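Given the structure of chain W, go ahead and fit chain L onto it with the hints provided.
Next come the chains, spelled out residue by residue.
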Amino acid sequence: MNIGWYLAVSALIFTIGAAGVMTRRNPLVVLLCLELMLNAANLALIAFSRMWGNSDGQIFAIIVMVVAACEVTVGLGVIVAMARRSVPIDVDELRELQG
Amino acid sequence: MSGLFFFVAALGAIAGAIGVVTLRNSFYAVLALVGHLLSLAALFLLLRAQFVAAAQVIVYAGAVMVLYVFVVSYVSEGPFQSTPGAVTGGARVLAYLFAACLAAELMVAMLGNGLEAINSKGAQYDPGFGNPAEIGKLLLTKFLFPFEVASFLLLIAAVGAVVLARRRGGGIDPTDRPVLSVMDMVRDERLGSMAESVHAQPAVGATAPAGLESGERPNEEGGW
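Sequence lines, in order, name chains W and L. If you count the first sequence from 1, position 3 lands on 2 in numbering that gives the first Met the number 0, and the numbers rise without skipping. If you count the second sequence from 1, position 70 lands on 69 in numbering that gives the first Met the number 0, and the numbers rise without skipping.
These are computed hints drawn from the structure, not numbers from a lab. The structure displayed is predicted, hence computed values, not measured ones. Nothing false has been slipped in among the hints.
Derived list of chain L stretches under chain W, where covered just means 3 residues or more per stretch with a C-beta under 8 Å from a C-beta of chain W:
id, stretch
1, 8-14
2, 22-29
3, 40-50
4, 108-116
5, 153-165
Which residues of chain L face chain W? A partial, calculated answer using Cβ under 8 Å:
id, residue
6, Val71
7, Ser119
8, Ala122
All C-beta atoms, glycine included, are put in the ideal place defined by N, C-alpha and C.
Bound conformation, chain W alone (with noise of 0.2 Å):
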């Protein structure tokens, strides 16, 4: 298959998952939208680097994968706390940082 198709995938998959990020409310599921856009944009990097013959937009896309893996990590924290605090789990609701 020729790369534009990968390339109209991988923005099919980002506008999903901004879609998502808009319309959701709650935060776990906003997490894993993010997560959609972020491997929309890992697999633009793949078909680059394919389309070069260049292993270097690999190296990108796992550097990338790490920076989510952190993401999760801390976005599941600041939740599970919520939930301990017994904050209610609604980004509308959420207005302040304050612990």
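Structure of chain L alone, referenced to chain W:
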């Protein structure tokens, strides 16, 4: 044949993404994301990125998603059973409009840019392209600094998650303290705890502050 594989994997990836956004139960949303990640790994394989595909399946679909499942089951068991749904009304229309504009813009930027290589199957590549050996060599030579920074970032994230999600209040109620070993009966219950280290409560062997009964401890919020 690779075209057939591409369409199956791409349809799976897009269907998984739509499932993540639309499914109301967040547990099913996590499962949809697992399917999405597996389809994406198949796409990576079609692009000759074997190592990234394997890492995607093992690290992402394996480890990170298990973390998600644990947190989903932990949170949904709490006092807040009602998980919030999607936004409604004008905000929803505006969000979908913005997403449609974003899709159009991305399509124009990626497919309408006139780059000739986008309409090709890709350049010639070495036989070792995307191999674990090649990726490892690059990570330890050309990209050593980003590699080390990434490992440091993972360490910081792990410590930060522990600090964020730890149990607040510091105090351990001596009545519901589990006895795990013989040493638990002998040593003081606050020995080595975070509350002792920051003097939130009287340390081992110290006298209780004035105004408190000996067995009564202030149940402080906020830890340190």
